[in-house]
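Trainee: The residues making up each chain are set out below.
Number of protein chains: 2
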Amino acid sequence: MDKRITVPCTKVRLKDGFLAEKARLIPEKVIPYQWSALNNEIKDAEPSNAIENFRIAAGESSGDFKGMVFQDSDLAKWLETVAFSLMTYPDEELEARADEMIALVAKAQQPNGYLNTFYTIVEPNKRWTNLRDNHELYCAGHFIEAAVAYYEATGKDELLQVICRFVDHIDDIFGPEDHKKKGYPGHQGIELALIKLYKVTNEKRHLDLAKFFVEERGQQPHYFTTEALERGDKPWDNYTYNQSHVPAREQAVAEGHSVRAAYFYSSLADLVLETDDQELLEVCEKLWDNTVNRQMYITGAIGSQEFGERFTIDYDLPNDVAYAETCASIALIFWAHRMLQIEAKGEYGDVLERALYNGVLSGMSQEGDRFFYVNPLEVYPDVANYRHDHRHVKTTRQEWFGCACCPPNISRLLASIHRYVYTQNEDNIYVHLFTDSELDTEIQQTRLKMRQETAYPRGEEIKFSLQTDSSLSFSLNIRIPQWCETPVIRINGKDVVAPEIIQGYVTLTRLWSDSDEVELILPMEVQRVWANPKVRENRGKVALQRGPIVYCLEEVDNGTNLASLYLPEETEFAIEYDEHIQMPVLVGSGYRVDGSDESLYRTSKFVTELVQIRAIPYFAWNNRGDGEMVVWINNG
Amino acid sequence: MDKRITVPCTKVRLKDGFLAEKARLIPEKVIPYQWSALNNEIKDAEPSNAIENFRIAAGESSGDFKGMVFQDSDLAKWLETVAFSLMTYPDEELEARADEMIALVAKAQQPNGYLNTFYTIVEPNKRWTNLRDNHELYCAGHFIEAAVAYYEATGKDELLQVICRFVDHIDDIFGPEDHKKKGYPGHQGIELALIKLYKVTNEKRHLDLAKFFVEERGQQPHYFTTEALERGDKPWDNYTYNQSHVPAREQAVAEGHSVRAAYFYSSLADLVLETDDQELLEVCEKLWDNTVNRQMYITGAIGSQEFGERFTIDYDLPNDVAYAETCASIALIFWAHRMLQIEAKGEYGDVLERALYNGVLSGMSQEGDRFFYVNPLEVYPDVANYRHDHRHVKTTRQEWFGCACCPPNISRLLASIHRYVYTQNEDNIYVHLFTDSELDTEIQQTRLKMRQETAYPRGEEIKFSLQTDSSLSFSLNIRIPQWCETPVIRINGKDVVAPEIIQGYVTLTRLWSDSDEVELILPMEVQRVWANPKVRENRGKVALQRGPIVYCLEEVDNGTNLASLYLPEETEFAIEYDEHIQMPVLVGSGYRVDGSDESLYRTSKFVTELVQIRAIPYFAWNNRGDGEMVVWINNG
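First to last, the sequence lines map onto chains A and B. Quick note on numbering: the first sequence equals residues 13 to 648 in this note's numbering. Quick note on numbering: the second sequence equals residues 13 to 648 in this note's numbering.
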């Protein structure tokens, strides 16, 4: 196994920092809210019916299946979120409720192991006949993930057993053997789930099944074409949508539905981790480079087009009609997290952090009770509410969605965010995220605790204190974000002079003793960011960033028509703390082009006036009422 | 009758100028091409079937109706274009062909006067049951226009008689009387056509029927709702699409399908001209102000959204996804032409000229053989050919369209453009357009000829020479375009000192004698144009204009990624004559932001390099191969 590979540290407890505040919203607000949603108790929202579907499939209730063909996954995501939450916030009542749901799921399982309420209730004779569209394997993947998390959180294996029986059944249906189907999921997810399962069960056929699904994808004759013809359906001309246009090993450009893509690329990285497949690593690296250096918004959002919820072409990153699905940024984090485990390169951690603090957090309101599915970087409500090509853009966060993929995805990420902070191997500990937390691990068979104290990302100072029974020689590797040019590092109060930063990490190797302290200062200047000139939409514009936080202008602070504001290059920003948003905000001077003149076109410039410009974190927009918002500000 | 009102001079002959070159393409290229199209002789194009439909309806052929429900209008527009063309370019063969078509139309007319091949062939029992969608009255309108034009051109009245019988039939069906339907067209056009007919027939019921259609529109109970319920169809929630949301007299904002809107507003102006209705004039003025000062592109294009081919909201003028239909600019010219007759205000003439030289001419290739339906102000072929929300944007002019409204509309406008140059009343002659031409008219019962010599819009000098048998006292009113700040006017070689320009016209009143000459110089500086800051898409950008011509940058002259080019404020442009485009082009210096750097986002500016910038007339783009094009250029 490659020496560079690390594994995530799971015994991590978030303390009082920023991410803990967000994570705490999950058990406090989101889990109960989702529970109501799953039980059709949200007024004015399309009823989810997810639990009722299971009751019907279990023979406990009668009636029709309702909801999307992948409605089961909502219960699975809820269970997975509960599992993660229980790791940090034990809650007997919640655990009992989850156990009850698990019993219901077990009851809905068919004698042969099959588990899917849509096909059980609606089309029992059509199982596995439309992998392209109907999400059976996708739902299975979410249940596998839930089962693994629940087992890890509680030690209870009822769901794990149910799911292993289901996976046995899937393994009977799909595989390289002649009598088995050569199919794979239309919506990926089961691949990475099977690898999680493999890590718990250590059953090689779980890994092999994941590998089969990955390698079979995009092979000729094309499975989805064959399957469509068998159904009497029309095959597609082009399979980029679900990344089955060519086999994985031939892919170099991020294509198609962005969530499917990033789940798929995550599973490729998983295979690299499990099998040390260097060819597949190159594929991952090419896809990564294309994604983050050609097709990613500054917020860590991906997938710029609503039609197909997909990637388009390099540098095509419209701000106003951006799709930028919350789930896609989450999937990008899943992928980045795996790339980091392959090799701790700063760019992976930087992207993970960018997506987390911007593109993902923007998906949830400050109170944890409203959600964005789509996260544009520019919203003019009059336009967004009128224009047909903006109809996917909501100008306010919503309570729930007919296709409720994003809120449960945010909650499972945030409830497990403690697992993204540190990774380790034999003689290295890596710090990827800065957040008030406590690590409890073993290194070289010795228990090591490490406390990380910080107000990050509000503040720039981070302190690590070690607690160990005996001195230990290992390397503490700390990510130095790319935005930080002048980090200060002190060990036990003494400056580390000219620390060497390799691939975005500073490596502190020494014989560490109990009570050793490392201080890190990541000076957070207000930075202007320019986009590559190939990004047409950002020409003549700059974005503001402080630390990992991308800022935006909101109408409530800056008046209407944000497009008429200009930010001169000489503007210096003062940093103020906003009590409502609970974040530092930026205040500086700019000017506004006066549009009170009635002419639509003039041969002389419009007059300007000096104004104050106030920028808030992008993720915090739309928490003080509706209005305009822009990330990219006219420069000049 | 209002003293200000003027009537168009019809005895005008274009000479060798720019508009004559365009107008001559119509008989040379477009009419024969359209004839082939109407006869299904264009390879690779959807067969029009328009003539075959008439043959079937006339009993001369058998088979199925093919094409759009409004396919008849294509033949009507062809006939109207032929009529206008014959006024300038007599052609016996073409006239004989038109006569043959008229005989066919007459044969397809039903005994009761009804004329529509779709309903005659396909649904004879459903006539007048779906005015909202099915264009019966719209097609009738185009035949009325064709009949009037053909009568004016040739003195032959066969088509006029056919059409008068049809109008009698329509008049039997629709009207204020209790037993008649209270309907009106879903797609307007018949209103202005009936007023044209009235001017030829002097039959008041033709005017009254037009008035009925105009005044009934948008009244409650809503006709389209009643009619839909009678058909068992679903009524619409909102009738802005076809301007029937409220009665005409309550409208103040341009709404809905832009071609329908401008045809409708044209008919309101016609009613003002015929009835001196001051309330309706105010409505026209409000709608005009909203259209041209809130919702018009700098090219004179209107209707910014593909969905509904419609107006959206004030200042919403996206350049890349613009719909900007050629027909809508043509309809705006129809409207402007009528407003000018109500009152010769410079803004009407300015808009007419802007739409003509930019938004309309861009619709046709230099050779007259390819057409744009959609006229965006910014095209990046990679994006336009990929993005779903750009799918209406074609990156190259097309031979023909399934819905072939635009090419015949361009041709009927250009073939009749001589009628837009001059208007007159008792003691005034107005010059609205500058183009090499000869006017032959009577004023105060005396024959007056006036020769206009000019290379406009290529050149800036215009000379008028009068020819009259006896001296005449009248006012010669010449539009001074708003873009011109320092016009020079000479009468018989002597400067008119400090000419007074009122509402955009200079009025030269004197006793005019034979051989009198007026020279006019409209200095054509290269002008930068700024858009109102409320137009988000144009912030930080300028457009270039010289005389009435809006310029653009094309990839063939300026390389790829036009979004990376900047035009400094101090750039002075040299004017060069381009032999291929046959127009003056602008050459100056600018700079390009270098995007060869691989980073997508940087905290330092990208480097720039000095480059030459070459701008060509917008209407002439895409005549030298495909590529990028922008009208609005980064300023700075």
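Hints may contain errors.
Computed footprint of chain B on chain A, listed as stretches where at least three residues anywhere in the stretch have a Cβ under 8 angstroms from a Cβ of chain B [to be verified]:
#1 76-86
#2 314-321
#3 540-549
#4 584-591
One side of the interface only, derived from the structure: several residues of chain A facing chain B at Cβ under 10 angstroms [claimed, not checked]:
#5 Val-500
#6 Glu-531
#7 Ser-576
Hint data in this document are derived by calculation from the structure and do not stem from the laboratory. Quantities reported herein were computed from a predicted structural model and do not represent experimental measurements. For every residue, glycine included, the Cβ atom is placed at its ideal position computed from N, Cα and C.
Trainee: Does each hint fit the structure? Answer for all of them.
Mentor: Evaluated hints:
1. 76-86: violated (count 0)
2. 314-321: holds (count 4)
3. 540-549: holds (count 9)
4. 584-591: violated (count 0)
5. Val-500: 19 angstroms, violated
6. Glu-531: 25 angstroms, violated
7. Ser-576: At 4 angstroms from the nearest chain B Cβ, A:Ser-576 passes the 10 angstroms test, so the hint holds.
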